[in-house]
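Colleague: Okay, here's what each chain looks like letter by letter:
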Amino acid sequence: MYAFIAVVVGIVAGLILSPTIPDWMAPYLPIAVIAALDALFGGARAWLEKIFDAKVFVVSFIANVLVAAFIVFLGDQLGVGAQLSTAVVVVLGIRIFANVAAIRRWVFKA
Amino acid sequence: MSDDRGDDGPDGDRPVEHGSHRRSDEQTDGGNHLGGPLVAGVILLLCALLGFGIATQVRRTAAGDSLAAMRPDDLVQILDGLQQREDDLNSEVVALQSTLARLRVGGASSGQALAEAQRQAEQLGILAGTVAAHGPGIRITIADPAKSVEPEVLLDAVQELRNAGAEAQQIDGIRIGMDSAFTGDRSQILLDGTPVTRPILIVAIGDPPTLAAAMAIPGGVVDSVKRTGARIEVTQSNTVVVDALRPVRTPQYARPTG
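Order-wise, the sequence lines are chains A and G. So that you can map any letter, position 69 of the first sequence is 69 in my numbering, and since no number is skipped, the others follow by simple counting. So that you can map any letter, position 233 of the second sequence is 233 in my numbering, and since no number is skipped, the others follow by simple counting.
Take these hints with a grain of salt, some might be off.
[Said to hold, decoys possible] To spell it out: a stretch of chain A is covered by chain G in this simulated footprint if at least three of its residues, at any positions, have a beta carbon under 8 Å from a beta carbon of chain G; those stretches are:
#: 1; stretch: 27-36
#: 2; stretch: 50-59
#: 3; stretch: 77-89
[Claimed, not checked] Simulated DEER-style distance windows between Cβ atoms:
#: 4; chain 1: A; residue 1: Pro22; chain 2: G; residue 2: Ala40; range: 27 to 33 Å
#: 5; chain 1: G; residue 1: Gln97; chain 2: A; residue 2: Pro19; range: 34 to 40 Å
#: 6; chain 1: G; residue 1: Pro72; chain 2: A; residue 2: Gly93; range: 22 to 28 Å
#: 7; chain 1: G; residue 1: Ala40; chain 2: A; residue 2: Val80; range: 55 to 61 Å
#: 8; chain 1: A; residue 1: Met25; chain 2: G; residue 2: Leu79; range: 42 to 48 Å
#: 9; chain 1: G; residue 1: Ala62; chain 2: A; residue 2: Val8; range: 16 to 22 Å
#: 10; chain 1: A; residue 1: Pro19; chain 2: G; residue 2: Leu103; range: 56 to 62 Å
#: 11; chain 1: G; residue 1: Gln77; chain 2: A; residue 2: Val8; range: 34 to 40 Å
#: 12; chain 1: G; residue 1: Leu103; chain 2: A; residue 2: Gln83; range: 45 to 51 Å
#: 13; chain 1: A; residue 1: Gly93; chain 2: G; residue 2: Leu79; range: 26 to 32 Å
#: 14; chain 1: G; residue 1: Pro72; chain 2: A; residue 2: Ala63; range: 27 to 33 Å
#: 15; chain 1: A; residue 1: Lys109; chain 2: G; residue 2: Ala62; range: 37 to 43 Å
#: 16; chain 1: G; residue 1: Gln77; chain 2: A; residue 2: Val107; range: 40 to 46 Å
[To be verified] Derived coverage of chain A by chain G (criterion: at least 3 residues anywhere in the stretch with Cβ under 8 Å from a Cβ of chain G; other residues may be distant):
#: 17; stretch: 3-14
#: 18; stretch: 18-24
Source of the hints: derived by calculation from the structure; they are not laboratory data. In this text the structure is predicted, and so the values were computed from the model without any measurement. Beta carbons: idealized from backbone N, C-alpha and C, even for Gly.
Please put together the full structure from these sequences, using the hints given.
Modeller: Next comes the structure, spelled out in structure tokens:
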């Protein structure tokens, strides 16, 4: 619950501050956001299933973001950045879908 | 719990579940839900960061500044595409411009040809008697109450006027054409089958002095008419109107050559 409030607070802060992203970071921000969303939904699912572990959440959150960014960075270096970005988004999207499906089953029992 | 979810297998939630959570489940056995206040703070911070990132990215995307965020390869590709499109559009512009020039030239020349054809049609119409005409000329009135003027005199008049350069003539409202014919006799003169009523009025367009002189030559029309005892009056005018028309005849056998 507090986590979602924190997300909303962050959104508001982002809208108000409207920071400028440095160029080197620009390709990684959307990927990082997707990865973090994946971690967030995974954490929500674990919390509903009463197996939530704060430390695991923190570690998986950071690791997700870093790994996703690293994959894209690697792709950029190899000249396949666009394709790898797409691949990462697809994989993370599938995971998010699966986690949301689990949450839905947990909430609606259906 | 995993048995409960077993029947939902097709949704495939299990293989993509957080492996780390699964492991941690076994390690911590669910006893440590929130951890210390420090960890909770880190979680909230991370969530806030996520929101911050989302907002920033959405703003960036909405600002339409997507080119700045793209990779050089993509930019080169986009540039290539734009250049190719520009080339295509340029060649299209050239083609359309040449078409436009061609149509303009064609339109101008066809307009000229149309005007020329119209002018020729009018000239030929005056000669053929299918178009009304006006201009300088003479008016000849023959008062012949005794009906003593022969058709030959009128034929002479027409031929003399033609020789003198008359371009259009009419007699009593009948246009003289290349196939006009006088028939009948002095009691009833027929022009193209139509009776000529007295007094006879001849209108001819041409140079008035020349036409008048052609009528007045010794032994000419004026003399012939006066010999029969009728009165003739020749009037020169700056504007006479020949408005009788002949029907348009389409040649039945003759065809244009060339």
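Colleague: Against each hint, give a clear statement of whether it holds in the structure.
Modeller: Structure-based check of all given hints:
Counting residues of the stretch 27-36 of chain A whose CB lies closer than 8 Å to any CB of chain G gives 6, so the stated coverage by that chain holds, three being the minimum. With 10 residues having a beta carbon nearer than 8 Å to a beta carbon of chain G, the stretch 50-59 of chain A meets the requirement of three or more and the stated coverage holds. Counting residues of the stretch 77-89 of chain A whose beta-carbon sits less than 8 Å from any beta-carbon of chain G gives 3, enough to reach three: the coverage restraint holds. The beta-carbon spacing between A/Pro22 and G/Ala40, approximately 30 Å, falls within the hinted interval of 27 to 33 Å.
A hinted range of 34 to 40 Å is violated for the C-beta pair G/Gln97 and A/Pro19, which are about 50 Å apart. Taken as a hint, the range 22 to 28 Å holds for the pair G/Pro72 and A/Gly93, whose Cβ atoms sit roughly 26 Å apart. As the Cβ distance of G/Ala40 to A/Val80 is approximately 40 Å, the hint placing it in 55 to 61 Å is violated. Between A/Met25 and G/Leu79 the C-beta distance comes to about 23 Å, which lies outside the given range of 42 to 48 Å.
Taking 16 to 22 Å as the suggested C-beta distance range, the pair G/Ala62 and A/Val8 conforms, at roughly 19 Å. Distance hint check: the CB atoms of A/Pro19 and G/Leu103 are about 58 Å apart, consistent with the given range 56 to 62 Å. Checked against the hint of 34 to 40 Å, the pair G/Gln77 and A/Val8 passes, with Cβ atoms roughly 38 Å apart. A hinted range of 45 to 51 Å holds for the C-beta pair G/Leu103 and A/Gln83, which are about 50 Å apart.
The given range of 26 to 32 Å is respected by A/Gly93 and G/Leu79, whose C-beta atoms sit roughly 30 Å from each other. G/Pro72 and A/Ala63 have their C-beta atoms about 29 Å apart, which keeps the hinted 27 to 33 Å range intact. A hinted range of 37 to 43 Å for the beta carbons of A/Lys109 and G/Ala62 is consistent with their spacing of about 38 Å. Here the CB-CB span from G/Gln77 to A/Val107 is close to 44 Å, well matched to the stated 40 to 46 Å.
Residues of the stretch 3-14 of chain A with a Cβ under 8 Å from some Cβ of chain G number 11, which satisfies the need for three, so the listed coverage holds. Under the rule that three or more residues need a Cβ within less than 8 Å of chain G, the assignment of the stretch 18-24 of chain A holds, with 4 such residues.
Taken one by one, the earlier hints fail for this structure at numbers 5, 7, 8, listed in ascending order.
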